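Asker: Sequence:
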Amino acid sequence: MLYIIMSVCLALAGGLLFCGLYFPFWKHKTPLLPVLCFGKVGQAPKGSALYKEWISPQKLAKKLDWVLKLGFTPVTPEDLLAFKEGVSLPPKPVLLVFKYGLESFYKEVFPLLQEREIKACVCLCAEHIGQYNAWQDPRQEAWQNTLNESELAELKKSKWVSFASHGLSYTKLSELDTQQAAWQAGESKARLEKLHKLSINAFFYPWGVPSKELEEALRPVYGVTFSSQKGVNKLSSPLSTPLNILPAWRMGLWRLRAKITRG
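Just so you know, the sequence shown maps onto residues 246 to 508 in the numbering used here.
Hint data in this document are derived by calculation from the structure and do not stem from the laboratory. In this text, all values refer to a predicted model and were calculated from it rather than measured experimentally. By construction, the Cβ of each residue, glycine as well, lies at the ideal position given by its N, Cα and C atoms. Heads up, some of the hints might be wrong.
To be verified - Derived EDC-like pairs (lysine to aspartate or glutamate); straight-line CA-CA distance at most 16 Å:
#1 Lys352 to Glu399
#2 Lys352 to Asp382
#3 Lys401 to Glu438
As the list claims (entries may be wrong) - Using C-beta positions, here's what the derived DEER-type ranges look like:
#4 Val332 to Gln385: 41 to 51 Å
#5 Trp499 to Lys402: 28 to 38 Å
#6 Arg361 to Glu420: 33 to 43 Å
#7 Lys402 to Ala327: 31 to 41 Å
#8 Leu421 to Trp311: 37 to 47 Å
#9 Glu438 to Thr318: 21 to 31 Å
#10 Thr275 to Gly375: 40 to 50 Å
#11 Ser419 to Lys314: 19 to 29 Å
#12 Leu315 to Pro465: 29 to 39 Å
#13 Lys314 to Asp422: 38 to 48 Å
#14 Lys402 to Leu326: 32 to 42 Å
#15 Lys404 to Asp382: 18 to 28 Å
Hey, can you work out the whole structure from these sequences and the hints?
Answerer: Quick look at the structure:
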């Protein structure tokens, strides 16, 4: 008898776990805004110590299709600014954000966006346009080319890509005082807009979670800010800032579904 009771309890526990992961019946009461963050797209260089930052174009395509199949509509930081002014968002909005501003975004990601007619945001470092990701230790992985002027111009003409800033370089702003960090973040926006004729309305903190002082300093400069804090944001007006992200390149399809539908 005891064996039967234990078997039933284990079966029920397993069933609840399965449902929690794969069939997210328990919806969050407040509408959510997932921010799906991706790192490097392509094939990691041979011997790379940073291979976990990469996702293949094939796997990325599957994840994009999965998100669309779930009924989500990709939006941009500009759409969020309009939302702050009272403009409605789609019923199930999602932000697709690509870090580092690498040339692989143009070669691998942009075609996928065009094929699906969906929007995404790419983050740039103002001092590294048309160069390479010099902030990265080449002993860990070979440097990768960054987006150049002609590629940025083509992306800008399209209605599928918006731009955000990582700062002048991919610098640990926590190692600077608030005034220096705020200057770097603000200067990057000024250079990207003046020198490269881009519209920059969002800032993605390069490392970690920003201090409250820095976030307060950047609030008048950027309409939207992203943090590497993991989580799903409540879609309310005004939006909480900085917005948390989900490291989508690391997640399997089912785990991604559970996260973006239940929070």
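Asker: Does each hint hold? Answer for all of them.
Answerer: A quick look at each hint next to the structure:
no.: 1; hint: Lys352 to Glu399; result: holds, 12 Å
no.: 2; hint: Lys352 to Asp382; result: violated, 23 Å
no.: 3; hint: Lys401 to Glu438; result: holds, 12 Å
no.: 4; hint: Val332 to Gln385: 41 to 51 Å; result: holds, 43 Å
no.: 5; hint: Trp499 to Lys402: 28 to 38 Å; result: holds, 37 Å
no.: 6; hint: Arg361 to Glu420: 33 to 43 Å; result: holds, 39 Å
no.: 7; hint: Lys402 to Ala327: 31 to 41 Å; result: violated, 21 Å
no.: 8; hint: Leu421 to Trp311: 37 to 47 Å; result: holds, 39 Å
no.: 9; hint: Glu438 to Thr318: 21 to 31 Å; result: holds, 27 Å
no.: 10; hint: Thr275 to Gly375: 40 to 50 Å; result: holds, 42 Å
no.: 11; hint: Ser419 to Lys314: 19 to 29 Å; result: violated, 39 Å
no.: 12; hint: Leu315 to Pro465: 29 to 39 Å; result: holds, 36 Å
no.: 13; hint: Lys314 to Asp422: 38 to 48 Å; result: holds, 47 Å
no.: 14; hint: Lys402 to Leu326: 32 to 42 Å; result: violated, 21 Å
no.: 15; hint: Lys404 to Asp382: 18 to 28 Å; result: violated, 37 Å
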